[in-house]
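> The primary structure of each chain is shown beneath.
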Amino acid sequence: RKEVEQDPGPFNVPEGATVAFNCTYSNSASQSFFWYRQDCRKEPKLLMSVYSSGNEDGRFTAQLNRASQYISLLIRDSKLSDSATYLCVVDGSQGNLIFGKGTKLSVKP
Amino acid sequence: GAVVSQHPSRVICKSGTSVKIECRSLDFQATTMFWYRQFPKQSLMLMATSNEGSKATYEQGVEKDKFLINHASLTLSTLTVTSAHPEDSSFYICSATTGTRYGYTFGSGTRLTVV
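From first to last, the protein sequence lines stand for chains A and B.
To convert, count from 1 in the first sequence and add 39; that's the numbering used here.
To convert, count from 1 in the second sequence and add 118; that's the numbering used here.
Calculated directly from the structure, the hints in this document are not laboratory data.
Do not take every clue at face value.
Partial pick of chain A residues on the chain B-facing surface, computed with a CB cut under 8 Å [said to hold, decoys possible]: (1) Glu-82; (2) Gln-133; (3) Asn-135.
Remember, it's a predicted structure, so these values are computed and weren't measured experimentally.
Beta carbons are placed, not taken as given, at the ideal position from N, Cα and C, and that holds for glycine.
Kindly produce the complete structure, drawing on both the sequences and the hints.
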């Protein structure tokens with residue numbers, strides 16, 4: 040089983056749509072969870088950290104289910120500028136980050 | 119906020135030559151630097167972890183004699199791809215941390231093409 044698994048997509052949605060991404064991780068000892076955004080040929084940028092209680096940042100909501108080892112990201116009212124690849128990330132044993140392959144989102148006018 | 123400067127952003131080199139990639143933390147001291155590699159349509163994969171003043175720890179399958187990492191100061195880490203081959207063509211990116219839980223900062227990445 041891969042350490043972090045995501046649906047690669049692509050997700051093609053119209054502007055204004057709500058879209059949800061899911062992710063599962065294999066290491067039950069993981070403590071830190073993140074969603075990163077990566078634009079084509081660019082470095083990943085932190086979108087938001089994910090907490091057990093769930094957290095929201097504007098149009099973005101992240102949820103964590105430790106029992107199921109499952110992380111989600113919900114984007115409401117999608118904008119064209121949201122088009123990117125969304126990376127599910129968990130912490131590794133050496134303080135590094137373990138990245139999923141990413142889910143590609145394309146928001147169309 | 120914390121900034122990591124990575125150079126060069128893009129390099130094309132001939133097979134058999136060596137390429138050095140630098141990562142500098144500009145406004146903080148990076149106790150640990152991570153080097154990742156990303157092939158097209160793949161996830162970022164950790165290559166090695168380096169702590170200032172000590173030898174880097176390489177992930178399984180990464181040749182330490184081919185990918186030389188030097189972390190001589192708290193603000194500079196370098197990755198040298200020696201005797202590069204076309205299969206080394208990839209996106210290389212560093213990440214620095216001060217050791218705090220969420221203190222990860224990424225460089226802007228280096229796209230290496232070996233011809």
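> Evaluate each hint against the coordinates.
Results for each hint:
no.: 1; hint: Glu-82; verdict: holds (4 Å)
no.: 2; hint: Gln-133; verdict: holds (5 Å)
no.: 3; hint: Asn-135; verdict: holds (5 Å)
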